[in-house]
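**Student:** Protein chains in written order, with the working numbering: chain A, 1 to 381; chain B, 1 to 288.
Hint data in this document are derived by calculation from the structure and do not stem from the laboratory. Since we're looking at a predicted model, the values are computed, not measured. Among the clues, some could well be false.
Okay, derived cross-link-like pairs now, SDA-like style, lysine to any residue, Cα gap no bigger than 20 Å in a straight line [stated by the list, open to error]:
| no. | chain 1 | residue 1 | chain 2 | residue 2 |
| --- | --- | --- | --- | --- |
| 1 | A | LYS369 | B | SER266 |
| 2 | A | LYS369 | B | GLN263 |
| 3 | A | LYS369 | B | PRO275 |
| 4 | A | LYS369 | B | ASP230 |
| 5 | B | LYS210 | B | ILE199 |
| 6 | A | LYS369 | B | GLU256 |
| 7 | A | LYS369 | B | ALA260 |
Pulled from the structure, derived: some chain A residues nowhere near chain B, Cβ distances all over 12 Å [unchecked claim]:
| no. | residue |
| --- | --- |
| 8 | ASP63 |
| 9 | ARG87 |
| 10 | SER98 |
| 11 | ASP107 |
| 12 | THR123 |
C-beta atoms are modelled at their ideal positions from N, C-alpha and C, and glycine is treated no differently.
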Amino acid sequence: MLRHRRPRGRLLPLAVAVILAAPLATAGSLSAFVDDEDGGELDPAKRHLRAPHDVSFEITDDDRLLAAGEDWAEVLFPRLDAEFPGRFSFDDDAEVWSDNRGEYVWDDDEEVYWQNVSAETLTRGRQDYVQFCASCHGLDGDGYGRSAQALRPPPRDFSQGLFKFTKVSPDYLPSDDALVHLIQEGLDGTPMFPWDVAEPRLRDVVQYIKSMSPEDEGWRDSTNDFGDPIDVGEDPWVGDIPAAVAEGERLYHANGCYNCHPGYLGAVAINAIQDKPADTAFRENITIPKRVEDSSYEVLGESVDIMVPDFTWHTMRRGRTPQDVARTIKAGIQGAGMPTWETFPDKTIWAIAHYVRHLTDEYHGQPAKRAAFMADVRAGH
Amino acid sequence: MKTLLDALRSRATWRWLGTGALLLMLSPCADAAMLQEAVDLPNRWGPNPSASDYGWRYDELFTLITILISVSFAIMLILLVLPMIRDRARAGHKASFDHGSSLFDKRFTATVSVIVFIVLDAWVLVIAVRDLREGYWNIPTELEGAYRVEVLAQQWSWNFRATGLDGEFGTADDVITINDLTVPQDRPVVFNLTSKDVIHSLYVPDMRMKRDANPGAVNQAWFQPITAGDFAILCAELCGFAHYQMGAQLHVLSPEDFGAWEQDASMIAVAGFDPEDTEAQWAWDWKE
Ligand SMILES: [Cu+2]
Numbered sequence: 001m002l003r004h005r006r007p008r009g010r011l012l013p014l015a016v017a018v019i020l021a022a023p024l025a026t027a028g029s030l031s032a033f034v035d036d037e038d039g040g041e042l043d044p045a046k047r048h049l050r051a052p053h054d055v056s057f058e059i060t061d062d063d064r065l066l067a068a069g070e071d072w073a074e075v076l077f078p079r080l081d082a083e084f085p086g087r088f089s090f091d092d093d094a095e096v097w098s099d100n101r102g103e104y105v106w107d108d109d110e111e112v113y114w115q116n117v118s119a120e121t122l123t124r125g126r127q128d129y130v131q132f133c134a135s136c137h138g139l140d141g142d143g144y145g146r147s148a149q150a151l152r153p154p155p156r157d158f159s160q161g162l163f164k165f166t167k168v169s170p171d172y173l174p175s176d177d178a179l180v181h182l183i184q185e186g187l188d189g190t191p192m193f194p195w196d197v198a199e200p201r202l203r204d205v206v207q208y209i210k211s212m213s214p215e216d217e218g219w220r221d222s223t224n225d226f227g228d229p230i231d232v233g234e235d236p237w238v239g240d241i242p243a244a245v246a247e248g249e250r251l252y253h254a255n256g257c258y259n260c261h262p263g264y265l266g267a268v269a270i271n272a273i274q275d276k277p278a279d280t281a282f283r284e285n286i287t288i289p290k291r292v293e294d295s296s297y298e299v300l301g302e303s304v305d306i307m308v309p310d311f312t313w314h315t316m317r318r319g320r321t322p323q324d325v326a327r328t329i330k331a332g333i334q335g336a337g338m339p340t341w342e343t344f345p346d347k348t349i350w351a352i353a354h355y356v357r358h359l360t361d362e363y364h365g366q367p368a369k370r371a372a373f374m375a376d377v378r379a380g381h
Numbered sequence: 001m002k003t004l005l006d007a008l009r010s011r012a013t014w015r016w017l018g019t020g021a022l023l024l025m026l027s028p029c030a031d032a033a034m035l036q037e038a039v040d041l042p043n044r045w046g047p048n049p050s051a052s053d054y055g056w057r058y059d060e061l062f063t064l065i066t067i068l069i070s071v072s073f074a075i076m077l078i079l080l081v082l083p084m085i086r087d088r089a090r091a092g093h094k095a096s097f098d099h100g101s102s103l104f105d106k107r108f109t110a111t112v113s114v115i116v117f118i119v120l121d122a123w124v125l126v127i128a129v130r131d132l133r134e135g136y137w138n139i140p141t142e143l144e145g146a147y148r149v150e151v152l153a154q155q156w157s158w159n160f161r162a163t164g165l166d167g168e169f170g171t172a173d174d175v176i177t178i179n180d181l182t183v184p185q186d187r188p189v190v191f192n193l194t195s196k197d198v199i200h201s202l203y204v205p206d207m208r209m210k211r212d213a214n215p216g217a218v219n220q221a222w223f224q225p226i227t228a229g230d231f232a233i234l235c236a237e238l239c240g241f242a243h244y245q246m247g248a249q250l251h252v253l254s255p256e257d258f259g260a261w262e263q264d265a266s267m268i269a270v271a272g273f274d275p276e277d278t279e280a281q282w283a284w285d286w287k288e
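In isolation and in its complexed conformation, chain B is listed as follows (with noise of 0.2 Å):
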């Protein structure tokens, strides 16, 4: 307790801890000054609010995770600091130095490994893997009303394919769009998702979702819009040069906005349909 009085006392100690707390403070402030002169962002800290319908979830679990390591990273940071303040040389003190090897040092590692363990890693996968039952993987199907989205992405753009009105697929009033997709809001939005050239992956951020779309496999993704308006899809996987530059709209239409959508969309499909042209017929058969 004396060390700690004196350690408080000595001015170097406070100049060395006001410095890497100021550094600590400037450095978001600094980020997010970039990053709003860059996107020209609402003026906020967080994520976009979620605007679809299981995205409680992510946020939920990031903020858990993100309280979770900060307390973590305090008590680290407490127990990094306070030893190196109190067993520092000073006059009359020789520095003492310790390999942390004896057997109380060992038990003690391990006791706090297991209950970091139990206590943070085993909270948060529970969780993930209740999310992923219950949200992510619990995928909606035609049934259920699910309106359904081939994707197929190429360098450098997304390819989207929906039913039109028939409700099937590779048929002649088929809405096939570019970098483009409309959607109706409180309604499952399921995609199947595959590539031309190499690994992209499909990201809505505003939707919490993403999921890769490979060549030569189709994968499913879905989520539910709860808000209607326009958001941002890119792509989340390095795939080339442009990559930065690969996105597309989503447009979330209210279900009457979106009737009137998809009727002129498959009348309009079917006036541009050619029978010959059998390359531009990709739909394949739906992964439910």
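The following block holds chain A by itself, in its conformation from the complex (with noise of 0.2 Å):
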């Protein structure tokens, strides 16, 4: 039988030209993105179209990153007795902590530690930080990737050095801890989900984001200083929950939260905790949240508003529990207009962290309820 084949070599020539064709095009396409006239520079409203085109470069340079100021002391003793301690020793007289996590060097000069970040942690968390977070974030961390147009409250920019829900008390830095729990744990009612990411590969992003301060501000400012997330300590209200929650309603009116937040009782009501007369005035449309206009979100170069929430109505970021509510209070929400409560006695913190979180509870996603309640309170003004 004979046996048809077909002859050899008759694609050959097609397959050369898809060969030879398919790069060019690749490069045609790509072209669109890239302005070469003005050297890869684009217009600043349209940075976020540029193609990844430098996604794999891997970082050769050891980067040196503030580890520790004054209470350098507390950050590094604790790990003496971790599970890989560390060890003081000296290099070119220069005294040096190392441990699991890296290598610090004592400043004689500026007395701070540094740490020296290697070249492979940073392409490490620069590989992840490229997969994960620079969508949102951006190629180079400013908070405006591909995917960040228009979404409000804007995503941060890393070259701020600044952070809204790490916890850790105004004026201070976040501790590597503080960011990798910001990171798993996400911010509620944005694209800042929680990310399952393996703890190593988030501490190696961590470093990367860090990275990208700006000279002699963030970790490359040697006159900042550490926290780690603030402590509220015990609920002092454990098993009298309702009391909590109706000394917090005090408390909160009797403090004026409702000078952003809205007010959840009527002018008379209000009026009578802060021993006035009962028909001082408040500020207008008491019920409503109010606008923080000149937040330090900015969006290429313009600050955006943002929403103060109103708890029987948004989704608080970073407040599933009594105990993070506690927290955001005690250290503030930098940035955003939400002052630091720091003087406030843990107890009462805590009874308006249950009165807030009550609400949400209450009301959240309850529209007719919600409704029905506020619109009581709006009776009573």
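Both chains come to you apart, so use the hints to assemble them.
**Tutor:** This is the structure:
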């Protein structure tokens, strides 16, 4: 029997043509993104259109980031007991502390510890950053990635070295642990969800994010200091939550939280709490939260406004439990108009936290119940 | 007939058939058990009951296709297994081997193929096209009381924009939410979908609705919820690392609840509207 066989080589010219044309076509489509005439510089408003052409670049230089300031002993000494304890050594007369997380060099002039972050760590961190974070936070960490357009509140600009929900008291940079916890827990109601990425990888990403601080700012500013998430102690209201909610309601309105958040009591009730004449007036629309103008949130250099949460309506970013809320109240929210209430006793903070959490549990996602409740409040003004 | 009886008497035949049947029976059980553990589903086999007005179309078609392929599969199995038993090598019988290339075989194959195509595929196709025309493609307009939602997908979240009380997009009272969509019961909910970055797909399994969101184009989709409650919204197009985490909540509210919600949502939206922040005003002209 004859066997028919397709003559070899008939498709060869076509294959060659396809192989040759593919890179040309790719280059052509990429050139739409890269403006060669301006040396690769794009109109800032079109920054998000950049092709991620430098995704795989390798970092070759180690970086030096601030590791611990005056409180360095607090940061480093607890690690003496860690599973892999560190040790001191002397290198060119410089005092070096090394442990499983890295190498820290004492700077005699500035009186701080600098952390030597290896190029491999930064490269690993960058690879995960590009994969997980860059779509929103941008390849350069400017908070203006391809998917960040029109996102409100806008994603964090890492060159600011400013974070809202790390729960570290203001004037402090968040510790690595605080940043890792934030990434692991996410910010509810935003595209920053809980990232289930292995912790060692998150630590590398955190190092890379820290390395985005501009010169003399954030982790390159030796005058900065570090803080761990603020401690609010044990819940003093255990076993008596209704009392905490009642006390929290009083404290919430006694301390003027309604100047930005909504007030949840009628005018007479609030004035009674504040020992003021019953007809003292409040801000307009006290039952509607305020819009914070000129927040530190910037998009392309312009500050954007931020809405203060109404606890019966909005989702709290990082307030799943009364403890979370208490820590936010004590730490304040940097750059968003929420001051720190550090001077309050913990019991007060816990009471307000219970009250706020109660409002959310009771009315959030229950439109009819909420509408009735707020109508009652409104009737009292 | 005699060979079949021989085969049925043989212990080897039963051993093989038994093992096969056992494996077939066990595999869905194992799957179901694993699924049960993973997502804590209520104990049932099928999908969630349809919560949308046209959901029965999907369910009916799905059931029909399942029955058709099950029957075809059973017939195929019999046609495969019988000759294996009948023509196998055994004492006094050499295994027969056939190319199936005789004229009769070819005609038989062609006839069966045509019948299968006409009966099964054409049947399903006709129903599918009818469903598309009467259901999925029959998108209600604003005049027909549609509740309109603009959907802007991104890695890895859903941005929703509804008109608010004034019924117009791009105004101060537009209700903008992330990963959280509230819609009225018993009113058609119509979507305009697009994407900021890559292709996503808006998937609401309980409503039997799925539609791609493509960058640079506006796609449409709709459903009409008939049950109030909370449902899952998923992304059904692999869109990057966190695709599996790209989800949202759908709240279907009774007409009264929805009225209260829309009132409050519009009011809060107006309070939070920043007229100078033009980038945040991403609404587009509604595509009917
Ligand atoms: Cu997606």
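**Student:** Hint by hint, note whether the structure agrees.
**Tutor:** Against the structure, the hints come out as follows:
Between A:LYS369 and B:SER266 the alpha-carbon distance is near 17 Å, which keeps this suggested pair within the 20 Å criterion. A distance of roughly 13 Å separates the Cα atoms of A:LYS369 and B:GLN263; the hinted pair therefore holds under the 20 Å criterion. A distance of roughly 31 Å separates the Cα atoms of A:LYS369 and B:PRO275; the hinted pair therefore is violated under the 20 Å criterion. Taken as a hint, the A:LYS369 and B:ASP230 pair is honoured in the structure, with Cα atoms around 17 Å apart against an allowance of 20 Å.
Straight-line distance between C-alpha atoms of B:LYS210 and B:ILE199 comes to about 13 Å, which keeps the hinted pair within the 20 Å bound. Among the hinted pairs, A:LYS369 with B:GLU256 is consistent with the structure: their alpha-carbon atoms are about 11 Å apart, no more than 20 Å. Under the criterion of a C-alpha separation no larger than 20 Å, the hint pairing A:LYS369 with B:ALA260 is consistent with the structure, at around 9 Å. Once the 12 Å rule is applied to beta carbons, A:ASP63 is consistent with being away from chain B; the minimum gap is 25 Å.
At roughly 38 Å from the closest C-beta of chain B, the C-beta of A:ARG87 stays outside 12 Å, upholding its exclusion from the interface. Listed as a non-interface residue, A:SER98 keeps its Cβ farther than 12 Å from every Cβ of chain B; the least gap is roughly 33 Å. Distance check on A:ASP107: its Cβ is at least 38 Å (rounded) from any Cβ of chain B, clearing the 12 Å threshold; non-interface status holds. Look at A:THR123: its CB is around 18 Å from the nearest CB on chain B, clear of 12 Å, so calling it non-interface holds up.
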